[in-house]
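Peer 1: Listed below, chain by chain, are the residues.
Number of protein chains: 2
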Amino acid sequence: MTTATLIDGKRVAQDVQQQTAARVEKLKQAVGVTACLATVLVGEDPASAKYVAAKRRLCEKLGLASVFVKLDETTTTEQLVDKINELGRDANVHGILLQHPVPKQIDERAAFEAIPAQKDVDGVTFHSFGTMFYGLPGYESCTPGGIIRLLDAYDVDIRGKHAVVIGRSAILGKPMAGLLLNRDATVTVCHSRTVDLPELVKQADIVVAAVGKPAFVQGDWIKDGAVVIDAGFNPGPKGNIGDVDFEPASERAGLITPVPGGVGPMTLAVLVEQTSIAAARQAGVEI
Amino acid sequence: MTTATLIDGKRVAQDVQQQTAARVEKLKQAVGVTACLATVLVGEDPASAKYVAAKRRLCEKLGLASVFVKLDETTTTEQLVDKINELGRDANVHGILLQHPVPKQIDERAAFEAIPAQKDVDGVTFHSFGTMFYGLPGYESCTPGGIIRLLDAYDVDIRGKHAVVIGRSAILGKPMAGLLLNRDATVTVCHSRTVDLPELVKQADIVVAAVGKPAFVQGDWIKDGAVVIDAGFNPGPKGNIGDVDFEPASERAGLITPVPGGVGPMTLAVLVEQTSIAAARQAGVEI
Numbered sequence: 012m013t014t015a016t017l018i019d020g021k022r023v024a025q026d027v028q029q030q031t032a033a034r035v036e037k038l039k040q041a042v043g044v045t046a047c048l049a050t051v052l053v054g055e056d057p058a059s060a061k062y063v064a065a066k067r068r069l070c071e072k073l074g075l076a077s078v079f080v081k082l083d084e085t086t087t088t089e090q091l092v093d094k095i096n097e098l099g100r101d102a103n104v105h106g107i108l109l110q111h112p113v114p115k116q117i118d119e120r121a122a123f124e125a126i127p128a129q130k131d132v133d134g135v136t137f138h139s140f141g142t143m144f145y146g147l148p149g150y151e152s153c154t155p156g157g158i159i160r161l162l163d164a165y166d167v168d169i170r171g172k173h174a175v176v177i178g179r180s181a182i183l184g185k186p187m188a189g190l191l192l193n194r195d196a197t198v199t200v201c202h203s204r205t206v207d208l209p210e211l212v213k214q215a216d217i218v219v220a221a222v223g224k225p226a227f228v229q230g231d232w233i234k235d236g237a238v239v240i241d242a243g244f245n246p247g248p249k250g251n252i253g254d255v256d257f258e259p260a261s262e263r264a265g266l267i268t269p270v271p272g273g274v275g276p277m278t279l280a281v282l283v284e285q286t287s288i289a290a291a292r293q294a295g296v297e298i
Numbered sequence: 012m013t014t015a016t017l018i019d020g021k022r023v024a025q026d027v028q029q030q031t032a033a034r035v036e037k038l039k040q041a042v043g044v045t046a047c048l049a050t051v052l053v054g055e056d057p058a059s060a061k062y063v064a065a066k067r068r069l070c071e072k073l074g075l076a077s078v079f080v081k082l083d084e085t086t087t088t089e090q091l092v093d094k095i096n097e098l099g100r101d102a103n104v105h106g107i108l109l110q111h112p113v114p115k116q117i118d119e120r121a122a123f124e125a126i127p128a129q130k131d132v133d134g135v136t137f138h139s140f141g142t143m144f145y146g147l148p149g150y151e152s153c154t155p156g157g158i159i160r161l162l163d164a165y166d167v168d169i170r171g172k173h174a175v176v177i178g179r180s181a182i183l184g185k186p187m188a189g190l191l192l193n194r195d196a197t198v199t200v201c202h203s204r205t206v207d208l209p210e211l212v213k214q215a216d217i218v219v220a221a222v223g224k225p226a227f228v229q230g231d232w233i234k235d236g237a238v239v240i241d242a243g244f245n246p247g248p249k250g251n252i253g254d255v256d257f258e259p260a261s262e263r264a265g266l267i268t269p270v271p272g273g274v275g276p277m278t279l280a281v282l283v284e285q286t287s288i289a290a291a292r293q294a295g296v297e298i
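The listed protein sequences correspond, in order, to chains A and B. Residues in the first sequence are numbered from 12 upward in steps of one, following our numbering. Residues in the second sequence are numbered from 12 upward in steps of one, following our numbering.
Simulated from the structure, these hints should not be mistaken for lab results. Fair warning: this is a prediction, and the values are worked out from it, not measured in the lab. Beta carbons: idealized from backbone N, C-alpha and C, even for Gly. Don't take every hint at face value.
[Unchecked claim] Which residues of chain B face chain A? A partial, calculated answer using Cβ under 8 Å:
# : residue
1 : K37
2 : V42
3 : F144
4 : L147
5 : V200
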């Protein structure tokens, strides 16, 4: 029996998309600028190609332009950096997304760092990481940024709450910790080396599971009334499932994200939102 | 009665200084390059002037060159950035330290970001913050970097331990969290908004107090045998004291830093160490 309130990520993502479409339209009206996202795909990974296609479709749906750059599997770091530099100089491009992962011969960090901070709408540069941790204006990693928007949409009071983040990846666990810290949560970051994870999760007012293991977080680890955010998306026997064992967790949680339909839809929504904001800022317009 | 073993920061700092002097000498012998730190002081704050003077004296003692740039209280952001850019281009300067704080009219972040990553031996740029959090080669914030060196010098096993960092400042609490996380600690960051701080500190295998309040951390918050690192340095009735109530804490801790003579000496030692490493890297020499 589910007693927790479900966090409807599809609905919140729709709201973010609508605001984005409105901002894009206003910017066109105001200064004739069409917000534009450049997507860069290196190699032939089918999942990556699918993700990039979804990003481009969403741009089209919301009135943004998009530029698609497809590079060979054998691309070198230098070639990729050159291409990103070119997009960085292109005044018609407002945001740059380099699809992760890139082929092994490429220094992905060097490629990310070639993205100018003002076009880093995917929040992957050290600069963006810094602004996320220091609470300064900038662009957020899209999934953690989306999680903050979910918490806000459901009026979760973050200040002073104990947030336990399970996972410490560069695009999820670590930036999530920074964003929660800057919203005045007490933040614990757990990972594969953590001893007695259940005991730590039991203390959490807010749990963010970003560990990439299906149904890993057990229901009896969840404190009564806690907010449970599941950023996992793992292949399961009947479709994808999250990192949290949903049914038992939802009997204890106050609020919980389903998988799918929770965190998932937010990532793309934040990407296009940040692209529209970047376009407005680069046009020098307050919208 | 003190039962904890005292961590002798003076001794560890001496070791780091000796290694630094040896590296500096080797670099001179190998390629005729003298490692050089540029210190930039803006305005008339007497404490800042004293800190900069101490840094320059240590450079001299260990065989490093130093360049001292003194700018007026009325310096603009643009003037300061220009000066830092000039030092960034100067091949004879290997490390740049901008003394914090700068006068109010200056955008300190913009000034920090003007320091090239390869000369950021004080670890203040977003780039350095990123490398600290991602565990990539780079330069560390000197005080947190010094604390890691203290833990290593006393063979503290960080992996899997629960570290509680009290404080979330840009140069101490936040980078400390990143460095501990990359050494596989489970990390909790607490701060002024944290509810039930004693309960969290009681769980810590490693406590880092960086809160700036004299004798704030109480002895009975310390778990038996914990490692207690006190980064505080507050004016007290009989000289400066730390953030930890030393006597009662030392009855429970396994290892503890005194104040003074614990963390304090490490900050300068790491600054010159990182300058010597930067000089070697910029000269393309493995030393």
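Peer 1: For every hint, state whether the structure bears it out.
Peer 2: Hints and how they fare:
1. Below 8 Å, beta-carbon pairs count as interface contacts, and K37/B has none with chain A, the closest being about 29 Å; its hint is therefore violated.
2. Contact between V42/B and chain A, as hinted, is not supported at the beta carbon level, the nearest pair being about 27 Å apart and thus beyond 8 Å.
3. At about 6 Å, the closest approach between the beta carbon of F144/B and any beta carbon in chain A falls short of 8 Å, and the interface hint on this residue holds.
4. Proximity of L147/B to chain A holds as hinted, the smallest CB-CB distance being about 7 Å (cut-off 8 Å).
5. Given hint, V200/B at the interface with chain A, holds; its Cβ is 5 Å from that chain's nearest Cβ, closer than 8 Å.
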